[in-house]
Each structure stands twice: as C-alpha cells, then as structure tokens.
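Engineer: Under this note's numbering, the first residue of the sequence shown carries the number 5, and numbering increases by one thereafter.
Hints are computed from structural coordinates only; laboratory data are not their basis. Take the hints with a grain of salt, since some may be wrong.
To be verified - Cross-link-like lysine-lysine pairs, in silico, BS3-like; alpha carbons within 25 Å at most:
hint	residue 1	residue 2
1	K189	K230
2	K123	K244
3	K483	K470
4	K313	K366
5	K236	K130
Claimed, not checked - Derived CB-CB ranges, DEER-like:
hint	residue 1	residue 2	range
6	A417	V307	10 to 20 Å
7	D356	E518	42 to 52 Å
8	D105	T258	47 to 57 Å
9	K294	D326	17 to 27 Å
10	A467	N327	27 to 37 Å
11	H225	N493	41 to 51 Å
12	G377	N493	27 to 37 Å
13	D50	D105	42 to 52 Å
14	D286	G479	46 to 56 Å
Just so it is clear, the structure is predicted and the values come from calculations on it, not from any experiment. Beta carbons: idealized from backbone N, C-alpha and C, even for Gly.
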Amino acid sequence: MRKRILFSFLVSLLAVIIVACSNSSEENESNSTGEQSDENTSEASDLTIMLGSDPNSLDPHGANDGISLYVMSTMYDKLVYLDKDLTITPGLAESLEQISDTVWEAKIREGVEFHDGSKLDAEVVKANLDRVRDPEIASPLSFLYDMIEEVEVIDSYTVHIKTAYPFASLPAHLAHPGGSMISKKSIDADNEAVKNGALPFATVNEAPVGTGPFKFESREHGVAIKVVKNEKYWDTEKAKSASITFKTIPEDFTRIAELETGGADLIYPISPVDVARIDASDSAHVQQSKSSNLTYLGFNTEVEPFNQKEVRQAISMAINKDNLIDGILEGRALPAIGPIAPTVFGYSDSIDTLGYDVEKAKELMKEAGYEDGFKTTLLTYETSANADLAIFLQAELKNIGIEVDIETVETGAYLDATGEGNSEMFIGAWGTVTLDADYGLYPMFHSSNAGYSGNRSFLKNDAIDKVLQAAREEGDEQKRLELYEEAQNLLAEEAPVAYLYHSELLAGLNNEVEDFWQYPSSIFFLRDMHK
Numbered sequence: 005m006r007k008r009i010l011f012s013f014l015v016s017l018l019a020v021i022i023v024a025c026s027n028s029s030e031e032n033e034s035n036s037t038g039e040q041s042d043e044n045t046s047e048a049s050d051l052t053i054m055l056g057s058d059p060n061s062l063d064p065h066g067a068n069d070g071i072s073l074y075v076m077s078t079m080y081d082k083l084v085y086l087d088k089d090l091t092i093t094p095g096l097a098e099s100l101e102q103i104s105d106t107v108w109e110a111k112i113r114e115g116v117e118f119h120d121g122s123k124l125d126a127e128v129v130k131a132n133l134d135r136v137r138d139p140e141i142a143s144p145l146s147f148l149y150d151m152i153e154e155v156e157v158i159d160s161y162t163v164h165i166k167t168a169y170p171f172a173s174l175p176a177h178l179a180h181p182g183g184s185m186i187s188k189k190s191i192d193a194d195n196e197a198v199k200n201g202a203l204p205f206a207t208v209n210e211a212p213v214g215t216g217p218f219k220f221e222s223r224e225h226g227v228a229i230k231v232v233k234n235e236k237y238w239d240t241e242k243a244k245s246a247s248i249t250f251k252t253i254p255e256d257f258t259r260i261a262e263l264e265t266g267g268a269d270l271i272y273p274i275s276p277v278d279v280a281r282i283d284a285s286d287s288a289h290v291q292q293s294k295s296s297n298l299t300y301l302g303f304n305t306e307v308e309p310f311n312q313k314e315v316r317q318a319i320s321m322a323i324n325k326d327n328l329i330d331g332i333l334e335g336r337a338l339p340a341i342g343p344i345a346p347t348v349f350g351y352s353d354s355i356d357t358l359g360y361d362v363e364k365a366k367e368l369m370k371e372a373g374y375e376d377g378f379k380t381t382l383l384t385y386e387t388s389a390n391a392d393l394a395i396f397l398q399a400e401l402k403n404i405g406i407e408v409d410i411e412t413v414e415t416g417a418y419l420d421a422t423g424e425g426n427s428e429m430f431i432g433a434w435g436t437v438t439l440d441a442d443y444g445l446y447p448m449f450h451s452s453n454a455g456y457s458g459n460r461s462f463l464k465n466d467a468i469d470k471v472l473q474a475a476r477e478e479g480d481e482q483k484r485l486e487l488y489e490e491a492q493n494l495l496a497e498e499a500p501v502a503y504l505y506h507s508e509l510l511a512g513l514n515n516e517v518e519d520f521w522q523y524p525s526s527i528f529f530l531r532d533m534h535k
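Using the sequences plus the hints, can you model the full thing?
Structural biologist: Right, here's the structure in full:
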C-alpha cells in the first residue's frame, strides 16, 4: 500500500514518500472548471512595478536571472510550488507520490487551460520536462533536472518521472521556476523556429503562454511589459489586480522618485542607503525580509592570475566584511562564511572560512609570485549597490597591491560576459531558490555547470564534483548535511569566489499596496498583491 503524506519543504520529509492531495491546502484549492471569477474586475487595481533592468527572457526554460523570474512568476505555474509557509504545495499536479526509490508519480490537474486556450495534460507535462533537459536546446536550467532519465505518460493525466538515482529534493526542484509549464503550441512553435535558424527560447520570449494568474499582453523591449488578469485561472484564488506593468528603470533615483510621487507601486531593488529616505516618505515604505541570497566576488579560475588558488585566497582575506556591511550596507546583511545562507538546508557554521588578515594575504601573494601585485578588471552591472561595492573592493584590494579597474555594463551584457568566461573578476549574486543546498552548491561549483548554468568561476575540481554528486544521491538527511559541510570546506580551500554577505531583501512599496510578499530567494509572489 502506498504511503501518503502532505508536502513539506523540510528536507527530512522530502526523503520519504511524498504526496499531496488537492484538498490539502486552502490556499491552493482547485477550480478545474475554468469558469470565470465572480469578482468585479472593473474594481480591481492596475499595478506598476519598476525594476532595475529588462528581463533576459520570458521563457521559463531560458533564463535564471532574478529580473526574468520576477516577471515570469506572474504568467506560469509549476506542478508544485512553495506557499508562504515555504511548504511544498500542489499546483498543476494534484498529487506527487514517490512510488519507488527512483520513480515519482504525478497526477495532473484536469480542466486547466493555457492562455492560448489549449489544455494541460500528461503529454504537455512530458514535453516541458523533456524540453528543459534537451541538450540541443541547452537550457541554463537543465542542471535542475539532469537526474531525470525519462518522463513516461501513463494515461491522459498521469506521468511517471524516473530518476537515475534516488533524489529526495526532486519536489523542491519541480517547484523552481524552471519547472514552469508552457503550452505545447509554444514549444512546437519554438522548435520550428529553431529548425529555421532562430535561437532557442526566442519565440516563447516574444509570446509567452502559461497557465498563471496573469497572462501576457504586451512588451516594449527595454521599456515595459504588461500582464493582465487571467479570468479563466484554474485556482479559486485568482489575481486580485486587473493588470501589472513592469517598467525598466535603471536609475535608482528615478525609481524612488516615482514611488514617492505615486508613479510606482513597487520598486526593486532598494539600496540600503535609500531605506531611510523612503521610510520617511508619507506615501511609501520599505519592506524588509530575510533572504537565501549570496553576494560574492567571483574569479574566472581559467585566466591568470586567478588560476592560482593562493591569489584567490589572498583576495578573500583582504576584504573586511564587517566594514563592508556596517558601512555601505548600513548593517542590513549577514557576513557570509560560506556559500549557504542560514535560511537554507545545508548551512553550517563549521566551515574553514578565510578570515580577514591582510598580512597573511600579502604572504600568499608573494607565494604566488605577485608580491608587487597586478592590474585587473572588475566587472559589474548597473545598480547603485554594485557601484558602491565595486569601489569598496577596489580600495580593499589596493592594500595588497592589486590595481582594479571597474567596468559597469547592463545586466544582459554582464550575464553574457560571465557566462562565456569573458571576465577576470566579477560581482555576483546567487539566490538558493529551492532553500536546499543542492541548488546553492551544485550549479555554482560543479564542473558540469561551467558558464551560464551558474558556475561562472569555471571551477573544475574532481573532489568537489564527487562530493556534490554524492550529496545529490544521498537519501539520509544527516549524511547529506555532512556531505554539504565537506563540500563547503573543500570550497574554502579552493576559494573560487570570495563570499561577501547574505543580504536582506529590500522592496519599496506604495503605502496603499497590500499582500505583497517575497520568497527568501527574492522572487515575488504577486497573485494576491493589490491596492
């Protein structure tokens, strides 16, 4: 007899048989009839959200940057998702059950309609999971699902997801935005376009089609994207706003001014130095919450002199994190002793961290043959927080003889440069979306993910690869924790990045806005937001 329990995000429960029935959460009770809401949508509000850059893509299998995820979260649904209690909850799957060590059975919700009018069924789920894993498509999210060997259609609304090894974190990975379902028509159109010479994801990027609470209406590249309420949304909890317009406003000052004068309902990100100003406004305030994010200084380990770990260690030891946090961050962050934030399963305070020690850093530079230092370029993208951080790092590294030129580019160019290895040092950020250390470590440091998938330092270390793979395959919670601690200590020795801090999430809100919430990864939950 199959054992059934409610979904929980706690990893201890992910290691056992998991299932969630459609009546297990009031927040996610289904309305499979697809009938329109009785709400008077003419009274619903239109919201304006201002972001610092343009989304890299609106195809959920084609982008993993924060700005893209913020926008896409309105249009797509996953088989399961994290609710506000960070509990894995039924979504497009009414249930997900582990029926053997390597087989998960998903029962697909009936009556769900995509924005283009097509229906969700088992074949569509298979097409999506096959697409994100297709090496010819080369999705930057493929690392999330590369343990899946086969997706088998059992009947019209049942699939079996077969993994190469027992993988307790699969539900958490399916809850990631990379597990979003797009219509089969969209997949077919994109495949046809690729055959005719187009780039993968380009077709969906221009005309995204999901099942989410909002649907795509229009886009002016570099300016704005508008989504409108999906009146046929499958869930009884429909969007509370009539529309959301995402505007691209790179200048922090402009975003703040628009918030203060009512031109914006939400702005993100907020620099810590601007919190006091916004909170002093009569019309707006800053909402703060804990994050699962890491801000780091990355090194391209394939180029000199960053191919020497002594140089990387020296740079890590030359940075005074306390001064950084107390100064330009005004205390709104935690110093990072490793890559995993305290909000993430796998965090350990027993890491052989590289502390602040300028004299030791100078000794390491001499040992590496750079007693007199060297010149290098630090790559970053356009935010005031990054600008301040870059200047701080420039000053710190001067103390050990490193002369740093700062190069600031727009976000898309930054992602391309670091993804292709065209950088020396760079300011990076990583959000552990699943709140599980596999996502915080495997994409960032496993050699198979070098480049766009997350390993932008291009680290290649067999011992680290082995431990991270072993942790993926381990079903015992305590053994997984031990493996993740081992991996982090190996990373401390290799120092492919200098861990800086785990930030607080800072979002500027109009005082009339209600029910806005952010996941620790920083992704927005916008279905309930209204004013």
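Engineer: Take the hints in turn and mark each one as holding or not.
Structural biologist: Verification of the supplied hints:
1. K189 <-> K230: It holds: about 22 Å lies between the C-alpha atoms, which stays within 25 Å.
2. K123 <-> K244: Since the Cα atoms of K123 and K244 sit roughly 24 Å apart, the hinted pair holds (cutoff 25 Å).
3. K483 <-> K470: The given pair, whose Cα atoms are some 15 Å apart, holds under the 25 Å limit.
4. K313 <-> K366: holds (14 Å)
5. K236 <-> K130: holds (23 Å)
6. A417 <-> V307: 10 to 20 Å: For V307 against A417, whose Cβ atoms are near 19 Å apart, the range 10 to 20 Å holds.
7. D356 <-> E518: 42 to 52 Å: holds (46 Å)
8. D105 <-> T258: 47 to 57 Å: holds (54 Å)
9. K294 <-> D326: 17 to 27 Å: holds (20 Å)
10. A467 <-> N327: 27 to 37 Å: holds (33 Å)
11. H225 <-> N493: 41 to 51 Å: holds (45 Å)
12. G377 <-> N493: 27 to 37 Å: holds (29 Å)
13. D50 <-> D105: 42 to 52 Å: Taking Cβ atoms as reference, D50 and D105 lie about 50 Å apart, which means the hint holds.
14. D286 <-> G479: 46 to 56 Å: holds (54 Å)
The earlier numbered hints are all upheld by this structure, with none contradicted.
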